[in-house]
Amino acid sequence: AQDKVLLLINGALGDKSFFDSANKGIEEIKAKYGDDVETKVLEIGDDPTGWEPALLEVSEQDWDLIIGGTFSLSETLGTVAEQYPDKKYILFDASLPFEGGAYPNVYAVQYKQNEGSYLGGILAAGLLKSGLPADAGTALGFLGGMDIPVINDFLVGYIAGAQSVTPDVKVSVAYAGSFTDAAKGKELGLAQYRSGVALGFIAASQAGLGQAAAAKETGKFVLGVDSDQEAIFAESDPAIASQVVSSVLKNVDVSLVRAYDLYKEGKLPFGSAETVGLAEGAVGIVETGNYEKLASAETKAAIADAKAKIAAGEIVVPTAFGMDTAAISAIRDAVRP
Amino acid sequence: MAEGPIVSFRQVGKTYPNGTVALTDASFDIRRGSIHAICGENGAGKSTLMKILFGLESPSAGQVFIDGAAADTATPDFAGKHGIGMVHQHFSLVPILTVTENIILGHEPRSSIFIDRTKARRQVVELSERFDLAVDPDARTDTLSVAAQQKVEILKALSRDTRLLILDEPTAVLSPPEIEELFNRLRDLRAAGMTILFISHKLHEVRALAETVTVLRAGKVVGTTPLAEVDDAEITRMVMGRDVDVPRRQRQTTSAPVVLELAKVSTRSHDPADRIEDISLSIRADEIVGIAGVDGSGQRGLVSVLSGLMHPASGSIRLSGADMSRAAAPAWRKAGLAYLPADRYAQGGTASLSLADNAIAGTDGDKALQWGPFLRRGAIRQRVQQMIADYAVRAGGTGERLDSLSGGNAQKLIAARELAGSPKLLIADQPTRGVDVAAAALLHGRIDQAARNGAAVLLITADLDELLRLADRVLVLFNGRIVADLANHAGLTPAALGPYMLGLEKAS
Amino acid sequence: MIEFFQAIADPAVVATVLRVMTPLLLAALGVLISDRAGVLNIGMEGIMLSGALIGVLVSAATANPFLGLFAALIGGGMLGALMALFINGLGTQFIITGIALNMAALAATTLGLFLATGDKGMSGALQSGVLPNIDIPLLGGIPVLGPLLSGHHMLTYVAILAVPTVAIMLARTPFGLHIRAVGSDPKAAAAAGVSRNRVQFHALTLSGVFGGAAGAYLSMGYVSWFAQNMTAGRGFIALAAEVMGMGTAWGTFAAAAVLGIAETVAITMQTKGLPNELMQMIPYIVPAVMLTVYAARRQAKARSNS
Amino acid sequence: MTRSILAGLTEFALTALVIVLVILAVLVPVALSQPDPFEVLRLFVLGPFGTIRHMGNILEAATPAMMTGLAATIIFRAGMFNLGVEGSFFLGGLAAAATAVLLPLTGFVATPAAILVGALVGSLACIVPGYLRVRFGASEMVNSLVLNFAFLFAGVYFLNYVLRDPNAGALMSYKLPADFTLDRLLQGTRLHTGVIIAFVACILGGIWLYGTRSGLNVRIVGSSPGFASHLGLASSKLLMQAQVAGGLIAGMAGAIEVLGLYSRFSWTALPGLGWTGITVAILARENPFLVIPAALFLAYLQVGGDMLARNLDVPSEIVGLVTAAILLAVTAAAIFRHPAFLRLIRDIKGQERGA
Ligand SMILES: Nc1ncnc2c1ncn2[C@@H]1O[C@H](COP(=O)(O)OP(=O)(O)OP(=O)(O)O)[C@@H](O)[C@H]1O
Ligand SMILES: Nc1ncnc2c1ncn2[C@@H]1O[C@H](COP(=O)(O)OP(=O)(O)OP(=O)(O)O)[C@@H](O)[C@H]1O
Ligand SMILES: [Mg+2]
Ligand SMILES: [Mg+2]
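Protein chains in written order, with the numbering used here: chain A, -7 to 329; chain B, 2 to 509; chain C, 323 to 628; chain D, 101 to 455.
If you're looking for bench data, these hints aren't it; they were derived computationally from the structure.
You may find that some hints are simply not true.
As the list claims (entries may be wrong) - Below, simulated PhoX-like cross-link-like pairs (lysine-lysine); rule was C-alpha separation at most 20 angstroms, straight line: (1) D/337 <-> B/335; (2) A/121 <-> A/292; (3) A/162 <-> C/594; (4) A/24 <-> A/259.
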């Protein structure tokens, strides 16, 4: 019989990163299974008060599989899932307390974005040594949308990766306080570049792209996030694209297709959480385009090595989840230029 | 074309969008080169008719002929096209603009895209010299006295090749000497060939100035006659449709105790209207002291120190023996002050609240109206209905908004509130400005009554008839000082007060 | 002290201040014109957002950034005119009209972006134009001063030149006189034959044109794309700037400059590691403090006068 | 009073009629683009009344709107255009969450204590601009507009550095202990006791404004400062009273929202319900009694719009457009000051009087 799959977007599509990637996963599922599956994507907005009514409503409809993401949605999804034990749910980028057989109809998948950004850190520090123009600058940058755990998880992985190449690397950290204010992102980027940053990691959605515009203007560089941001600008603004050295990927699509494959085989472990990372191809780094051209052989080797070691568990990348504010401040302070 | 009436109204009617019928079937002519007066009670439709003639309102029926030809009404350039200028009943100068800017507003002389400021200023200076109306072309309008603003209004009305000048109650805010000066200017204008339409409630003014009068009553033309052919009683009958019996205060010398006593009170202020110097006066119970003076001579300062809105810089104020020099407004009210302010809507009441709310405002703590913090709705309604009946306020109900009342009725309601209880001191500031004769008579009666009940009354008014009718004693203010203190004996006339008001004479 | 002036004279810092204040100044001048005419343009935020999108779409369609700017100006002007029609034609309150316009613009620009690009987030897929920076040949050569004055964005110069233009327009032209008259006393203006509806219509239209320019600056100057809600409250800060400017063009300029400096300080301090939330408060605290200090001064003066 | 209520209700009913027409005007084109146009209309108009749960959604959404609407009404009635309601709502929610997370209270005192703290702290965002206006004459509108954002960032700082649960995957407070949450009223909905508080608050607010001496005095100060000083009313004190009252109510609204609907505090942007309150106050023509239907109506629209977006291929942005159009239509004097309309209202008042 036909399966009915619904993806809930508790924000808006078009973020060029997280939700778009989830949407891509649904498209891939549809492409792969064709008429065997009916899919729909539903935007339920970013106002948390509306989420529970929306979840309740769709749970009463005849969907077989309801997919939703983010930590913010997780508790609501858990509550609703308890009320509809016959329905199946997939929760991505967050987990639920499954202990003692709770939530038997929910499967949760989380990402080790810190692993991806660890690779990004290696690349950035490597490029700083060789690959970028000598006068570009002496420090790395990081622009976060907000001072929140998911973003800081990128940060700590990035710093750890960079430190693995250059132990005393300097990283200038700023937050835009918004994921949409591109002008603010550009201004913060310019300020970073002015203070000696050669390459900045932009984990701030559209605000981060503001820093990409700053890179174009100053001839400095950025490391993209979530999806291949060089590709976004490849046609519309090649001058920006040329400043994007690579992007740290969080492939929600890959994890969703994988989950659906397992579901079809009846092997999806409902009632538990999985954490996917490099090993599953759920996070990573773009290794085409500018990366090809700019990164030295040594850097590429270091990245390949780190990938293998992370997959093998030899390197454990630190994570911001569970870290308190003071600990994160300490990390930031330690690398401040 | 220069023959015949300059304006003819034919069966003009006006019904406002809210259903008010302001005019019906109004027909009469205005003779070229004359001064034509229009009289009528408040709300008779005078302003409405003038607004139609000026092109601000369109008639709902009938036609206006100008120079014998039917005119399209209410087009934006109507007044300019026909050479009509109007001085509105309520001032229509923009306060933040200079005199020059106000006068040229709407027909600015230009050089390229800019205002030609030299030319504009020259126009104003020429205009003011030609019509003998002296103004400072560069002064900001809101810094001018009322009389000076009036001059600016007239200059503005004359600034566009005007041949017909409408003046809607121009004298209401002027003092007698200023009125006399205005009249001289208007006569000059007539001599120069101007036609003037003049609206006033005051018969002697009409008589002094105009040749012809048209009387409106309730939106209808009662008649148009040369003034020489009718006597005052006749016109009054036409206006009122009845004879009005004017109550006169029985003057009595009294040895009642002094209630209010000011000794050498001065205020400091940059605004002359707020500045008083060395004012000493006393008012006994059952005494009405009238204040005369050109507007802005310190009346506002005097009222402010007597109601606690301002404190004197020196001198002392006593009310029934108690020192009130530094008392604030609530203390004054508690001590028995009642106050009828000149600005009825800004100070006397609040337009957007109901009659009941307005009528009981300030009665904080009145046990009959209040139960703890709660208002007793029933008792309040009764009380207010009583007030409405006592003061003959024409109103729909106690829940109506105050601004649904006409000006005179609003003033009666406010008076009913202020005079409730038995005030020790009553300040009545222009109590009947813009109020019709019957309502004015009622208010005069109530003020007189308040005095008889033991109040000391301070009456400030620009209407010298009112002053002489009510006051036992007249003080003349000039430049913040009392320049005359006159007992109101039978021989005292407005003419006798004039020299003091203009500061030509001093007496005490 | 010397250090302070050195820091201020740093061309990079000056450039930052100018960049940050340009959209504020353009929008605040637009607000000023509307305010002087008696209809404060609360919808500035929405007009800016719409201008930003229109500029991007038209410049992408025509491959000409100047046509994009022109369209943004026209679009902004039309929205201003629309507000005037609602306010004076249908009698809606100006505050509500502004709130409604902001609400509608946020929704409509998102929808518009979606229809044009299939995307609700940003217009990265479109090849939209960028308005140029301008090097002033003579000025640029002067030592010290040259780098401070030359090489800024076209609309930055427009914004700065707009200050004396608006000041003169208000003081010296018939239109300016009509604006001041209507804003101060519409009845009196009507009695002089100056129609409130007409003047406010023109004033709001012009105000909208300024808003369109401010929006175009964001999407065609700051960055080269449109992003959902990219104005991020600048229209509201422009309102604050106008009020701080006390109704004059030069005052508005000063206020926009102060806000630009405040934002620049906030940005610079953040890269020095101070908590970003507290830094983000600066551009909001500064106008409140300035407004209050100014009001307190004025009050004290009024008191000492009487 | 009954007469004015009846006339007010009639006006309100007619307002609703205009709104329906506006909705149709915006929705019909959208509906026609859909395969089943009538389903679009049916869902939007009748959908919210379809099930208990959806009706519950209306009440849930109306609860904060009633409270903030009441707060804005009281503030506006005092003649202040203080927009601090939004900031108060945010701060109130934050302070209630902080109380719940930081104070070891249990039992029946817990919730009231958190609401009280929320109200007190929240009121600051209204009090500060109000005070600056009363004391220094600084524009309360602009000050409140910018200070809302200042309070927001201060609040986010506090959330990040004090309340944050480091184990949560987003910037959120620790879980609010169960003793602090409001009781649910109706199975299958999130309807909580806050809705009762909101109803009662609006009615008490109306009684205070129209039925007490201090309410009258506040209305006088608000509608005519000159008259107030003529009467010797303590204007500054009354003005501040209204700002404090409005702020307390708005802060309480935020507290109730957080304790009623959320298990953690997670606002990192202004939640926007203060703005809704301002809209509600204007729709209700600044009458506390009418705040109730106005808030319910906006909530109804919201739920209808959500249902459209969820069940059909209608973009959710349509709701923003519809709300904007309704705001304009409802406040369009051309409609509500139209002679025919005024005559109708007058007739109703007249009949009452006659009876
Ligand atoms: N602009 C207006 N719009 C609606 N109604 C008005 C307007 N102006 C006056 N009215 C109504 O017309 C009536 C009379 O008002 P107005 O003040 O002109 O009376 P009036 O005849 O001058 O009375 P009074 O002699 O007492 O001053 C009132 O009921 C008032 O509500
Ligand atoms: N704009 C208006 N809308 C509705 N009614 C109005 C309006 N203006 C005047 N009226 C009403 O029309 C009638 C005539 O008013 P008008 O102003 O012409 O009287 P008036 O004779 O000039 O009175 P006054 O002596 O008080 O100036 C009054 O009942 C007044 O209330
Ligand atoms: Mg009149
Ligand atoms: Mg009148």
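Query raised in the report: residue 121 of chain A and residue 292 of chain A: Cα distance at most 20 angstroms?
Result: Judged against 20 angstroms, a Cα distance of about 13 angstroms means the pair holds.
Requested in this report: With a cut-off of 20 angstroms on the C-alpha distance, tell me whether residue 337 of chain D and residue 335 of chain B pass.
Outcome: The given pair, whose Cα atoms are some 19 angstroms apart, holds under the 20 angstroms limit.
Query - Given pair status - residue 594 of chain C, residue 162 of chain A, alpha carbons within 20 angstroms - result: Measuring from Cα to Cα gives roughly 12 angstroms; hence the hint holds.
Query - Proposed proximity, residue 259 of chain A with residue 24 of chain A (alpha carbon, max 20 angstroms) - result: 18 angstroms, holds
Violated hints: none; the structure is consistent with every hint.
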